[in-house]
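K.L.:
One-letter residues, chain by chain:
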Amino acid sequence: MQEKLNEIRALALKRIQESDTPEKLKEIQIAVLGKKGELTSIMKTLKDVSPEDRPKVGQMINDARAEIEKNLEEASKKMQEQVRNARLKAEVIDVTLPAKKPVIGHRHPNTIALEEVERIFVGLGYEITEGPEIEKDYYNFEALNIPADHPAKDEQDTFYINGEMLLRTQTSSTQIHAMEQGKPPIRILAPGRVFRADEVDATHSPSFHQIEGLVVDKNITFADLKGTLAQFAKELFGEDTKVKFRPHHFPFTEPSAEMDVSCFKCGGKGCRFCKGSGWIEILGCGMVHPKVLERCNIDTNEYTGFAFGVGLERIALLKYEIDDMRLLYENDARFLDQF
Amino acid sequence: MNTALSWIKAYVPELECTDQEYTDAMTLSGTKVEGFERLDKNLKDIIVGEILSIEKHPDADKLIVCQVNLGDRQLQIVTGAPNVKVGDKVPVVIDGGKVAGGHDGGPLPENGIEIHNGKLRGVESFGMMCSIEELGSDRNFYPEAPEFGIYIFPEDTPVGADAIEVLGLHDTVFEYEITSNRVDCYSVIGIAREVAATFRKPFVPPVVEVKGNGENVNDYISIDVVDKDLCPRYCGRVVKNIKFGPSPKWMQRRLAASGIRPINNLVDITNYVMEEYGQPMHAFDLSTIHGNKIIVKRANDGEKFVTLDGQERTLDKDILMINDAEGPVAIAGIMGGENSMITENVTTVLFESATFNGANIRKSAKRLGLRTDASGKFEKGLDPRNAVDAINRACQLVEELGCGEVVDGIADASAPIPELRTIPFEPERINALLGTDVSVPEMLEIFKRLELTYDENTKLITIPSFRQDLIGFCDIAEEVARFYGYDKIPVTLPSGQGQAGGLSYKLRIEAECRNIAEYCGFSQGMTYSFESPKVFDKLLLPADAPERNAITISNPLGEDFSIMRTLSLNGMLTSLSTNYNRRNKNVKLYELANIYIPKQLPLTDYPDERMQLTFGFYGDGDFFSMKGVVETVLSGLGAKKREEYDPGSKKPYLHPGRQANIVYDGEVIGFIGEVHPAVCENYDMKTRVYIAVLDMPKIMPLTSYDRKFEGIAKYPAVSRDISMVVPKNVLAGQIEKMIAQRGGKILEKFELFDIYEGEQIDKEHKSMAYALSFRDKTKTLQDDDVNAAMKKIMNGLESLGIELRK
Numbered sequence: 008m009q010e011k012l013n014e015i016r017a018l019a020l021k022r023i024q025e026s027d028t029p030e031k032l033k034e035i036q037i038a039v040l041g042k043k044g045e046l047t048s049i050m051k052t053l054k055d056v057s058p059e060d061r062p063k064v065g066q067m068i069n070d071a072r073a074e075i076e077k078n079l080e081e082a083s084k085k086m087q088e089q090v091r092n093a094r095l096k097a098e099v100i101d102v103t104l105p106a107k108k109p110v111i112g113h114r115h116p117n118t119i120a121l122e123e124v125e126r127i128f129v130g131l132g133y134e135i136t137e138g139p140e141i142e143k144d145y146y147n148f149e150a151l152n153i154p155a156d157h158p159a160k161d162e163q164d165t166f167y168i169n170g171e172m173l174l175r176t177q178t179s180s181t182q183i184h185a186m187e188q189g190k191p192p193i194r195i196l197a198p199g200r201v202f203r204a205d206e207v208d209a210t211h212s213p214s215f216h217q218i219e220g221l222v223v224d225k226n227i228t229f230a231d232l233k234g235t236l237a238q239f240a241k242e243l244f245g246e247d248t249k250v251k252f253r254p255h256h257f258p259f260t261e262p263s264a265e266m267d268v269s270c271f272k273c274g275g276k277g278c279r280f281c282k283g284s285g286w287i288e289i290l291g292c293g294m295v296h297p298k299v300l301e302r303c304n305i306d307t308n309e310y311t312g313f314a315f316g317v318g319l320e321r322i323a324l325l326k327y328e329i330d331d332m333r334l335l336y337e338n339d340a341r342f343l344d345q346f
Numbered sequence: 002m003n004t005a006l007s008w009i010k011a012y013v014p015e016l017e018c019t020d021q022e023y024t025d026a027m028t029l030s031g032t033k034v035e036g037f038e039r040l041d042k043n044l045k046d047i048i049v050g051e052i053l054s055i056e057k058h059p060d061a062d063k064l065i066v067c068q069v070n071l072g073d074r075q076l077q078i079v080t081g082a083p084n085v086k087v088g089d090k091v092p093v094v095i096d097g098g099k100v101a102g103g104h105d106g107g108p109l110p111e112n113g114i115e116i117h118n119g120k121l122r123g124v125e126s127f128g129m130m131c132s133i134e135e136l137g138s139d140r141n142f143y144p145e146a147p148e149f150g151i152y153i154f155p156e157d158t159p160v161g162a163d164a165i166e167v168l169g170l171h172d173t174v175f176e177y178e179i180t181s182n183r184v185d186c187y188s189v190i191g192i193a194r195e196v197a198a199t200f201r202k203p204f205v206p207p208v209v210e211v212k213g214n215g216e217n218v219n220d221y222i223s224i225d226v227v228d229k230d231l232c233p234r235y236c237g238r239v240v241k242n243i244k245f246g247p248s249p250k251w252m253q254r255r256l257a258a259s260g261i262r263p264i265n266n267l268v269d270i271t272n273y274v275m276e277e278y279g280q281p282m283h284a285f286d287l288s289t290i291h292g293n294k295i296i297v298k299r300a301n302d303g304e305k306f307v308t309l310d311g312q313e314r315t316l317d318k319d320i321l322m323i324n325d326a327e328g329p330v331a332i333a334g335i336m337g338g339e340n341s342m343i344t345e346n347v348t349t350v351l352f353e354s355a356t357f358n359g360a361n362i363r364k365s366a367k368r369l370g371l372r373t374d375a376s377g378k379f380e381k382g383l384d385p386r387n388a389v390d391a392i393n394r395a396c397q398l399v400e401e402l403g404c405g406e407v408v409d410g411i412a413d414a415s416a417p418i419p420e421l422r423t424i425p426f427e428p429e430r431i432n433a434l435l436g437t438d439v440s441v442p443e444m445l446e447i448f449k450r451l452e453l454t455y456d457e458n459t460k461l462i463t464i465p466s467f468r469q470d471l472i473g474f475c476d477i478a479e480e481v482a483r484f485y486g487y488d489k490i491p492v493t494l495p496s497g498q499g500q501a502g503g504l505s506y507k508l509r510i511e512a513e514c515r516n517i518a519e520y521c522g523f524s525q526g527m528t529y530s531f532e533s534p535k536v537f538d539k540l541l542l543p544a545d546a547p548e549r550n551a552i553t554i555s556n557p558l559g560e561d562f563s564i565m566r567t568l569s570l571n572g573m574l575t576s577l578s579t580n581y582n583r584r585n586k587n588v589k590l591y592e593l594a595n596i597y598i599p600k601q602l603p604l605t606d607y608p609d610e611r612m613q614l615t616f617g618f619y620g621d622g623d624f625f626s627m628k629g630v631v632e633t634v635l636s637g638l639g640a641k642k643r644e645e646y647d648p649g650s651k652k653p654y655l656h657p658g659r660q661a662n663i664v665y666d667g668e669v670i671g672f673i674g675e676v677h678p679a680v681c682e683n684y685d686m687k688t689r690v691y692i693a694v695l696d697m698p699k700i701m702p703l704t705s706y707d708r709k710f711e712g713i714a715k716y717p718a719v720s721r722d723i724s725m726v727v728p729k730n731v732l733a734g735q736i737e738k739m740i741a742q743r744g745g746k747i748l749e750k751f752e753l754f755d756i757y758e759g760e761q762i763d764k765e766h767k768s769m770a771y772a773l774s775f776r777d778k779t780k781t782l783q784d785d786d787v788n789a790a791m792k793k794i795m796n797g798l799e800s801l802g803i804e805l806r807k
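The listed protein sequences correspond, in order, to chains A and B.
Residues in the first sequence are numbered from 8 upward in steps of one, following our numbering.
Residues in the second sequence are numbered from 2 upward in steps of one, following our numbering.
Treat the hints loosely; a few may be bogus.
[Claimed, not checked] Derived DSS-like pairs: lysine-lysine, alpha-carbon spacing no greater than 27 Å straight-line: (1) B:Lys367 to A:Lys276; (2) A:Lys143 to B:Lys641; (3) A:Lys107 to B:Lys715; (4) B:Lys42 to A:Lys276; (5) A:Lys298 to B:Lys381; (6) B:Lys489 to A:Lys143; (7) B:Lys381 to A:Lys160; (8) B:Lys244 to A:Lys143; (9) B:Lys793 to A:Lys190; (10) A:Lys326 to B:Lys33; (11) B:Lys641 to B:Lys793; (12) A:Lys251 to B:Lys33; (13) A:Lys143 to B:Lys600; (14) A:Lys108 to B:Lys628; (15) A:Lys282 to B:Lys99; (16) B:Lys715 to B:Lys750.
It is worth saying that the hints were derived from the structure and are not from the lab.
These numbers come from a predicted model, not from an experiment.
Starting from the given sequences, assemble the full structure and let the hints guide the process.
P.N.:
Right under this line is the structure:
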């Protein structure tokens with residue numbers, strides 16, 4: 008019986024070794040270990056063995072069974088691995104073939120620039136608001152210390168609807184709305200469309216966008232204005248950006264200034280971009296004129312404020328090196344796709 | 002404003018700086034330098050030489066060979082110039098030197114032209130004699146230069162002298178951007194005063210003295226200002242025995258640098274004083290002034306007047322005129338009359354130096370369509386005290402230049418000259434506004450430099466009359482800031498209570514719209530708010546369409562930009578057309594912008610500015626792809642209900658069978674459709690175009706950031722299909738509404754999976770099939786529950802005339 012057992016075992020191991028498909032292994036398993044398999048049959052003859060030998064023989068059969076099972080499993084694993092390796096080998100692709108891109112739209116460069124500016128000022132605690140595009144003369148001019156016969160009214164080439172209503176020439180009108188609607192502390196940023204009677208060319212458009220900023224609170228100083236705008240410039244144009252404030256004149260601020268930033272193209276050395284000066288004019292700003300505050304019933308003994316206005320297109324053109332303003336309003340897909 | 006630095010230096014004699022230092026310092030103190038040009042930039046080694054002899058060139062008819070004395074040496078120079086003769090003093094550029102341009106007076110090369118020794122037709126030439134064009138200028142500014150040929154110096158010019166110096170070209174012309182409040186700086190004196198204050202150097206203005214001839218001006222002229230509101234001051238002085246001639250070189254050079262062409266001594270003097278004092282002057286031929294009388298008063302409506310340019314002008318009662326005893330002789334502050342203009346026969350001149358109401362001059366000039374240098378200055382509102390200084394300066398120059406004989410006295414008619422303004426000195430408040438710590442003595446020192454006087458007792462600062470821009474405390478603060486230095490003011494952030502910033506809800510929703518639109522493959526466009534009224538015809542809108550009630554701009558750039566848009570389609574279609582005609586494929590655009598709906602016309606109050614989210618595309622896709630975009634937007638914005646589509650939208654610009662109003666909760670919130678082929682043709686597009694417009698004010702109430710997790714279903718779903726024969730006029734929307742209504746709570750979702758029209762079915766019907774899915778969140782559904790729901794649905798569908806296929 009022992010001989011028989013050895014024979015079965017040796018044959019089974021040999022057949023396992025010779026097997027080259029999972030089907031063959033399965034056959035062996037059934038033939039040897041199955042319900043009617045050779046080893047199972049031997050097991051059934053165990054009752055013929057003398058009781059004293061039975062444990063020993065039983066053990067032998069179990070050992071043989073364990074060994075065959077182990078071999079079967081190893082062979083099977085090996086075979087699976089070979090199959091997988093063959094598949095992986097067959098499935099090599101050229102990873103440099105073109106990508107299949109999802110089609111998504113592109114944001115207008117004006118909006119990208121605006122969102123950057125908004126992000127900076129939201130971080131500084133500004134509320135983003137809006138004002139009407141068709142405006143009353145009072146809000147666009149008079150309340151901003153530009154009386155009826157002021158030359159600035161001509162300078163700005165206003166589109167009029169009639170004597171009373173006009174297309175706003177500046178987002179500064181939002182300052183008045185903000186001060187009428189809210190009490191200090193006020194900290195707003197108001198972007199929007201503005202209109203001026205300029206013929207369309209590479210640097211002019213009769214419709215463009217400004218971003219107005221206004222802060223009114225106790226103890227607001229010119230130094231705060233400088234600090235705020237210097238931080239804005241650094242965040243927008245890069246940490247190394249330097250700013251320069253030059254005296255200027257706006258009817259609704261006093262003192263007033265224009266801010267230049269060091270040319271972000273050449274770093275201030277002077278290039279074609281900054282016309283050799285190393286500086287680029289970016290915005291107008293100043294301390295809110297007491298007359299403007301008074302008109303909005305804000306006590307000038309208690310409160311001061313600063314305001315600034317940035318041309319959005321100017322920033323977009325500079326930042327993204329767009330050389331013709333007309334591109335912004337043509338909406339050519341080949342232009343928009345680059346943003 | 003352009004001015005030679007040499008003119009400024011005449012009044013700030015101690016000024017020493019490079020051109021760049023000057024530019025930086027002046028810009029930082031508020032007189033912005035736009036740029037500068039060195040007149041000798043491309044001139045080098047040019048010497049005054051005297052021609053000793055001239056011989057014919059042996060081999061060239063048009064050339065001559067000159068021996069020229071340069072003082073320390075003698076050179077042979079060959080030239081083709083026709084105008085030189087022995088004894089002439091000429092500018093000579095020697096070997097290695099440079100001239101600015103060619104003799105033809107064409108555009109000047111960037112870096113000039115270098116001159117070297119050479120041979121002309123075999124004869125050696127050791128330099129070149131120069132024309133005024135080669136020196137970078139022209140006869141407009143050097144009227145004494147010959148039309149063709151070499152510039153000839155006056156006989157007394159020293160041989161060997163630096164010719165560039167003699168010509169006054171060692172100078173730099175600065176261009177300033179003067180802000181509208183600084184009327185005083187539209188003058189050389191005004192800028193010089195700022196220069197002196199900026200560089201802390203003494204300011205030495207011209208000392209004005211007029212000798213006079215002993216006669217009395219009142220014997221020659223009397224002045225009567227009737228409309229004092231429009232003419233605060235009118236001064237006149239008389240000059241007799243006018244002798245015309247060229248003005249001196251120094252005056253010509255200064256005028257030329259300012260861009261003013263020298264003409265003759267009398268004209269040059271008035272121009273010179275206008276530049277120097279910023280005060281326009283006018284000169285009348287006194288012999289043409291009837292009754293020896295000047296009357297300043299408003300014109301009559303419809304009155305005609307011929308100005309000195311020969312044009313007839315129609316006047317009105319708001320235009321101020323200068324009259325003599327018989328009638329008008331000049332339009333005040335704008336232009337003189339042909340009847341009183343100076344001719345070469347003039348012997349006695351009446352100088353006018355006046356100030357007028359700036360706003361009135363500006364409006365009059367605009368109405369007349371006649372803006373002049375003078376009106377440009379007057380409209381800024383000039384200083385009445387300066388008018389006297391200027392007329393005296395002019396008379397002084399008349400005497401110095403030997404241009405005539407000045408009669409004593411000024412005929413001066415003026416409204417009471419306002420007292421000098423005073424402003425309280427509040428140093429703490431100034432520092433508080435600026436965020437600085439400038440000491441009181443430092444502030445007082447700045448005031449002194451600016452000629453502001455301070456009275457310690459009254460604590461008042463007295464403002465000189467030329468600083469009409471200094472009105473209140475904040476103006477004084479700016480003066481301190483300018484001369485303390487904007488760059489020295491510290492950099493801080495606002496103190497005060499912190500505040501949470503952020504976008505308004507409306508702007509957040511708009512940002513969300515942009516995100517969703519872009520995920521859907523649409524790129525953002527921007528178009529103008531104003532357009533042509535022809536747009537309505539292009540969009541096939543009938544004559545009585547409410548969209549035609551648009552707000553009109555009274556002074557548009559042209560008809561194409563004359564009305565404020567009442568619908569957003571034109572911008573979108575124009576942009577799509579641009580892309581289509583540039584052969585861009587599959588273009589998808591969206592725009593978020595306002596339309597302007599007047600509440601009444603003419604407009605007296607704010608119109609309704611309605612933000613529109615407009616989508617448009619051509620290329621891959623159809624009506625239903627656009628519908629998918631609309632639904633993605635609405636669900637992305639947090640809309641809780643299902644939108645519906647009403648095909649009765651009747652938009653004339655859309656395909657009559659392929660359009661719908663988008664309805665939410667019973668309200669129209671927008672529309673969608675294929676653009677009418679005739680409209681596509683109007684926009685030059687031979688393709689199908691799809692449009693959807695969402696009216697944002699209607700969208701806002703249905704948006705929400707609320708999201709609630711509803712759990713993931715634990716119990717299995719039960720699916721049922723319905724196959725139907727549907728009358729053709731029944732819409733999918735009706736079927737779906739019925740299924741949704743009758744399905745009850747357990748109806749989870751449903752989907753159209755087949756639709757068929759054709760041979761297998763009669764012409765009045767279509768076949769449609771829906772897959773329904775039922776699920777109970779709390780338990781496994783029993784067949785009975787589903788059957789009951791299905792029965793209700795079936796009954797409902799049958800009521801629509803639908804036959805169920807069993």
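K.L.:
For the pair supplied as a hint, lysine 42 (chain B) and lysine 276 (chain A), is the alpha-carbon distance within the 27 Å limit?
P.N.:
holds, 22 Å
K.L.:
Does lysine 793 (chain B) sit within 27 Å of lysine 641 (chain B), going by the straight-line distance between their CA atoms?
P.N.:
holds, 25 Å
K.L.:
Check the hint pairing lysine 793 (chain B) with lysine 190 (chain A) against an upper bound of 27 Å on the C-alpha distance.
P.N.:
violated, 60 Å
K.L.:
Hey, lysine 282 (chain A) versus lysine 99 (chain B), does the alpha-carbon distance stay inside 27 Å?
P.N.:
holds, 26 Å
K.L.:
If you draw a straight line from the CA of lysine 367 (chain B) to the CA of lysine 276 (chain A), is it 27 Å or shorter?
P.N.:
Violated, because 44 Å separates the two Cα atoms, which is more than 27 Å.
K.L.:
Given the hinted pair lysine 143 (chain A) and lysine 641 (chain B), is their alpha-carbon gap at most 27 Å?
P.N.:
violated, 39 Å
K.L.:
Going straight from one Cα to the other, do lysine 326 (chain A) and lysine 33 (chain B) come out at no more than 27 Å?
P.N.:
holds, 25 Å
K.L.:
Given the hinted pair lysine 489 (chain B) and lysine 143 (chain A), is their Cα-Cα distance within 27 Å?
P.N.:
It is violated: about 39 Å lies between the C-alpha atoms, which goes past 27 Å.
K.L.:
Between the alpha carbons of lysine 108 (chain A) and lysine 628 (chain B), is the straight-line distance 27 Å or under?
P.N.:
holds, 23 Å
K.L.:
Assess, step by step, whether the Cα of lysine 244 (chain B) is no farther than 27 Å from the Cα of lysine 143 (chain A), and give holds or violated.
P.N.:
violated, 58 Å
K.L.:
Does the alpha-carbon distance linking lysine 715 (chain B) and lysine 750 (chain B) stay inside the 27 Å limit?
P.N.:
Distance ~16 Å between lysine 715 (chain B) and lysine 750 (chain B) Cα, so the pair holds.
K.L.:
Holds or violated: are the alpha carbons of lysine 143 (chain A) and lysine 600 (chain B) at most 27 Å from each other?
P.N.:
Roughly 15 Å separates the two Cα atoms, so the pair holds.
Violated hints, in rising order: 1, 2, 3, 6, 8 and 9; the structure is consistent with all others.
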